[in-house]
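Peer 1: Let the hints inform the model, and build the full structure from the sequences given.
For reference, the chains in residue letters:
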Amino acid sequence: MERVAYMYDSSKCMGCRGCQSICKEWNDQETVPTTFKGVYTNPPSLNPDTRMIIKFYDNFTPDPNFNFLKYQCFHCGDPACVKVCPSGALFQAENGIVAFDENKCIACGYCHSACPFGIPQIGKVINKCDMCYSRVMEGSESDKTSIPACVKSCPAGALTFGKRSDLVEQGKKRVEVLKKKGYTEANLYGENILGGLGVLAILKYSPEKYGLPKEPVFPNDIGLWKGILHPLGVIMLGGAAGLVVLHRALNLGKKGGEQ
Amino acid sequence: MAANKIEKHKKNTRIFHWLHLITFIIMLWTGFSLFYPWTNVLGMTFGSLRNAAFIHKYLGWFYVILPIIYVSWNFKLFSNFFKTISTFTPEDKKWLSILGGYLHPIIKADEVPPQGKYNAGQKLLGWIIIVFSILLGLTGLIMFYYASFPGLLVRIAIMIHVFCGTFLGAAVIVHFYLAAINPTSNKELGTMLGSGMIDEDYVKHHNALWYEELKK
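Line order of the protein sequences matches chains A and B.
Numbers 1 to 259, taken from full-length UniProt numbering, label the letters of the first sequence in order.
Numbers 1 to 216, taken from full-length UniProt numbering, label the letters of the second sequence in order.
Incorrect hints may appear among the rest.
[As the list claims (entries may be wrong)] Taking lysine-lysine pairs in the DSS-like style, the calculated list, with each CA pair at most 25 Å apart, reads:
1. B/204 to B/57
2. A/173 to A/152
3. B/5 to B/187
4. B/57 to B/187
5. A/226 to B/57
6. A/104 to B/187
7. B/57 to A/83
8. A/24 to A/37
9. A/124 to B/11
Simulated from the structure, these hints should not be mistaken for lab results.
Peer 2: What follows is the structure, encoded as structure tokens:
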């Protein structure tokens, strides 16, 4: 199955937060009152009841405007969260969507600490963007109605859903347009990092201006879990059990050890 | 057989020992089922893997708080114990070099040096339990409040946690075997499980230095 993705064009986004509302609506998430802290980003961060937010970054030079960022799970091509999930709750579908089965989640939080963006939020169970997995999987590939709720809701045309390879092409073209308009830093975020992100973002400025790491890295240290700690733990426990069985079978230490 | 008995473990110590051990076994059992996906089924003994995770997280607090209660309540007992396991004598060194004679004749041990109330192996186990339990508690705390710490720190904590847990599990298996099953030393279980009393003859043979001390 071809990899699907959606692309967020920050240069077209007008910060209406329709996507944020429809995300809550479709996924049946609670809304909790917050306090105003002088910034428009609200709620101030992702939380167990909020899968995505529009972040507002004040940017008065060179462009007296906001930088908007649609912030949620980026659906890595090489998702660390799936690698560390001990209960099989998180999984990567064939079409690249990183989804989860909340019935299997044990709320250990491994995914949160493994994610290069710290995205998965855990209340009673995990909560994060699953690219409206149930909606997307319901329709056929040509069926344009089966798209994520946020994409469907966007009035500014800032969100596009489709085959990832197509979107990368479109995104590159858009970046060229922006560069011609004078945004020399314009870039397509997520083309190659972390196995290629499933959520691409067209940015007018460098990723840092949107609070995004320029070069997020896959946490290679989790390889130690499965490569070394997994076998080591079994060897230590099994070895100790084997040794005592062997000791008894061989009848060693008959001369009387000192307990 | 001599009916003379010597008190080795006080009541509070025995209660603490068993409570802590049972807690540890549940923690090891659930922890193992959480870290090793192929043993997820072990968690089903608690109904579901989610329950196992819940028990592991919250029983962890008990595992940490219990020794704190014991030590502050029985500070004198503990400081004596701590003094004992902190003094390593030349006899201890010899004991360790022949592993207490438990592997005779693979490791030749015609004479086992006399030992105090605790032999060198038990002293070592004492240290392993204290150090690794503290590490388990600290890393567990980081894992419990994972959202407040940087991801890298949490992942390192998880790795230390798993290493300490499995190593301690291995140590407890050996400890249990020597105290409960191995014929030359299995009287220890009854002592810890029962009244805390142990045969004088046994002490004379196994803990000669302690015996002398008691006779003074």
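Peer 1: Each of the hints needs a verdict: does it hold here or not?
Peer 2: Going through the hints against the structure:
no.	hint	verdict
1	B/204 to B/57	violated, 44 Å
2	A/173 to A/152	holds, 23 Å
3	B/5 to B/187	holds, 12 Å
4	B/57 to B/187	violated, 35 Å
5	A/226 to B/57	holds, 22 Å
6	A/104 to B/187	violated, 45 Å
7	B/57 to A/83	holds, 22 Å
8	A/24 to A/37	holds, 22 Å
9	A/124 to B/11	violated, 41 Å
The structure fails hints 1, 4, 6 and 9 (numbered hints given earlier, in ascending order).
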